[in-house]
Every structure is written in C-alpha cells, then in structure tokens.
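2 protein chains.
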Amino acid sequence: MKVDEQLKQSIDELQRTWHEQIPITRYMQLEICHRHDDVFAISAPLEPNINVHQTMFAGSIYTVATLCGWGAVHLSMAKQKAVGSIVLADANIRYRKPVKGMPIAETMWQKLEVNWELLKSGNKVKINVAVNVIENNDIAAVFTGVYVVLPK
Amino acid sequence: MKVDEQLKQSIDELQRTWHEQIPITRYMQLEICHRHDDVFAISAPLEPNINVHQTMFAGSIYTVATLCGWGAVHLSMAKQKAVGSIVLADANIRYRKPVKGMPIAETMWQKLEVNWELLKSGNKVKINVAVNVIENNDIAAVFTGVYVVLPK
Numbered sequence: 039m040k041v042d043e044q045l046k047q048s049i050d051e052l053q054r055t056w057h058e059q060i061p062i063t064r065y066m067q068l069e070i071c072h073r074h075d076d077v078f079a080i081s082a083p084l085e086p087n088i089n090v091h092q093t094m095f096a097g098s099i100y101t102v103a104t105l106c107g108w109g110a111v112h113l114s115m116a117k118q119k120a121v122g123s124i125v126l127a128d129a130n131i132r133y134r135k136p137v138k139g140m141p142i143a144e145t146m147w148q149k150l151e152v153n154w155e156l157l158k159s160g161n162k163v164k165i166n167v168a169v170n171v172i173e174n175n176d177i178a179a180v181f182t183g184v185y186v187v188l189p190k
Numbered sequence: 039m040k041v042d043e044q045l046k047q048s049i050d051e052l053q054r055t056w057h058e059q060i061p062i063t064r065y066m067q068l069e070i071c072h073r074h075d076d077v078f079a080i081s082a083p084l085e086p087n088i089n090v091h092q093t094m095f096a097g098s099i100y101t102v103a104t105l106c107g108w109g110a111v112h113l114s115m116a117k118q119k120a121v122g123s124i125v126l127a128d129a130n131i132r133y134r135k136p137v138k139g140m141p142i143a144e145t146m147w148q149k150l151e152v153n154w155e156l157l158k159s160g161n162k163v164k165i166n167v168a169v170n171v172i173e174n175n176d177i178a179a180v181f182t183g184v185y186v187v188l189p190k
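Those protein sequence lines, which keep their order, are chains A and B. Per the working numbering, residue 39 is the first one in the first sequence, and the count goes up by one each step. Per the working numbering, residue 39 is the first one in the second sequence, and the count goes up by one each step.
Be careful, since some hints might not be right.
Intra- or inter-copy, both count: the list cannot distinguish identical chains.
Each computed DSS-like pair below joins lysine-lysine, with the alpha-carbon atoms no more than 30 angstroms apart [unchecked claim]:
| # | residue 1 | residue 2 |
| --- | --- | --- |
| 1 | LYS46 | LYS135 |
| 2 | LYS135 | LYS119 |
| 3 | LYS46 | LYS164 |
| 4 | LYS149 | LYS117 |
| 5 | LYS117 | LYS162 |
| 6 | LYS117 | LYS164 |
For the record, the hints were derived by calculation from the structure and aren't laboratory data. Keep in mind it's a predicted model, so treat the numbers as computed, not measured.
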C-alpha cells in the first residue's frame, strides 16, 4: 500500500471513529474536509452549532479545534506506527472574530515535534499543537493544546 | 417580587434560552442544577458527551464550564439590571482527571468583580471567571474564561 493510501485510510477510519464513539461530533456534523499532505483540516456547519448571537457557539469552535489537534496527533502516530491513547491535558483558545458560516480548523500535522520512540519504549509523550480556525481567509480563533499520549 | 424569586426566574429563563437558542446544549442534556445564593452550577450526563475512552469528551467538559461562566455573568447582570451581549474572548482549561459520570461545573457568581456602571454608561466590560468542574468531590478540570459584555 502506498503512503498516500495509508494516510487516506487512517483519515477515513478517524472520521468513522469520531462519529461512532464521540456522538456529539455526529450531532455537530463535524467532517474532515482537507487531506493535503501537510495540512489536516476539519469543519462543521453553523446550524447545529449556533448560539444566541446567530454565530457559532464558542464551545463548538473549541471542539472543532480540539479534534483537529487530536487528529493531527493521530495521523502522526499512524505514520510512525506508534500506538497509544491520546488525551488532552491543557488548552487555550482566543476568539478573534465571530464565526458566521462554516469555519475550517487546520493544523500542519507533519510539523509536529514529537519523539515517537519514547512512546514505543513505554513512556508517555507530550505534544503541543497549534490550530487556527479560519473563515473567509481570516483567523477567527487561535487554539493551542497540550496532548498527552499514553503507551498502551 | 422578592430577590430570590427574581433570581429563580432569571435562572429558568437562562435554561430555556440555552435549550432554544444553543441547540447543542439540548443535545448535551445540559441542566442548571444548583441555585444556591452564591454558587451557580450546571451539569450534563455522560452518555451524549462520551468519548473514545468511555469518559466525558474534552469538548463537552469545556462547554459545560464555558456556559457556567456565561451563566454567572448573566446572573450578575440580571441582579444589577445591566443589559448587554455576553461573548467569550479567551479561555484556558486544564484537565486533571477523566470524568466518568455526571460532573458539576460551578462558580461563585456573586464574587465576580465587575463594574456594571461602566456598561450602563455605554462601555464594554471584561470579566474574568474561574470555574471548577467537579466529580466525586475532586476537581476534574479547572477553567478560566475572559468574557466581554458589549453594551446594547
């Protein structure tokens, strides 16, 4: 199997896993929308994620960003054949603009700095992930998360 | 109308507003669960908010905390007859323990430090709110949010 096919398969599995095992992602209509070699991106429509101001609810924007970071770590692990449980330890989000449509959360998953050999030798690893939430070419929110991967 | 009745009415309205205008809160089964004079608290059950680890999804824990802070600002405004639009500008959350059941997010809403006279004279105000997410008497997550209230 070629690398690209493996990547596509990992992404398809990830989308299924989220919708099956994190039911709120199904309600939010969260979708992986970009399969570029370097950029991992996900999105969700406004309607199920709307708030009292008729813009996207802050909790939904955060969730889209969180899962973008989670997915980036997952893809990096799949590429390196590393196995473990991903948990979010700490996160910060800054909201810059209201989101009025369908935002895209994206991160450069190939640029993650992580030593997967540590995990393979039985240690947990910490990974900092930066995600931008973009709408109409503007950054609507900036998210940074510290993910921890525990050896299985 | 006595102050306690006004407070109860504000809380009932808030619950209705969330479920009607932020549909994801209905899906999450988010409920205001504590109407103490000082503490404002909300909760949500595990089932609609579950993740791949069979614990509560990080995005749902964040959302419960976010709305607890939002509700605290709303009640403070209602008490002071201040009118404005509440938005979340910035937030941080630290996850300390997995949530395995129904957590309670709580904050001391009467202790918020805010000059509502500024809002009444047409200025926006910033409010820092700290929220603890508690399960079985342990703090499972610590949230801090910076909310901005814009004059209407």
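These are the hints, each one checked on the structure:
1. When the C-alpha separation of LYS46 and LYS135 is checked against a cutoff of 30 angstroms, the pair qualifies neither within a copy, at 32 angstroms, nor between copies, at 33 angstroms.
2. Taking CA atoms no more than 30 angstroms apart as the test, LYS135 paired with LYS119 passes between copies only; the shortest distance there is 27 angstroms, against 38 angstroms inside one copy.
3. Only within a single protomer do LYS46 and LYS164 lie at most 30 angstroms apart by alpha-carbon distance; the minimum there is 25 angstroms, versus 45 angstroms between protomers.
4. In this assembly of identical chains, the alpha carbons of LYS149 and LYS117 lie at most 30 angstroms apart only when taken from the same copy (13 angstroms versus 49 angstroms across copies).
5. In the homo-oligomer, the alpha carbons of LYS117 and LYS162 lie at most 30 angstroms apart inside one protomer (18 angstroms), although the nearest pairing across protomers, at 48 angstroms, exceeds that limit.
6. Taking the closest pair of Cα atoms, LYS117 and LYS164 come within 30 angstroms of each other only inside a single copy of the chain (17 angstroms); across copies the shortest separation is 44 angstroms, beyond that limit.
Violated hint for the displayed structure: number 1, the only one.
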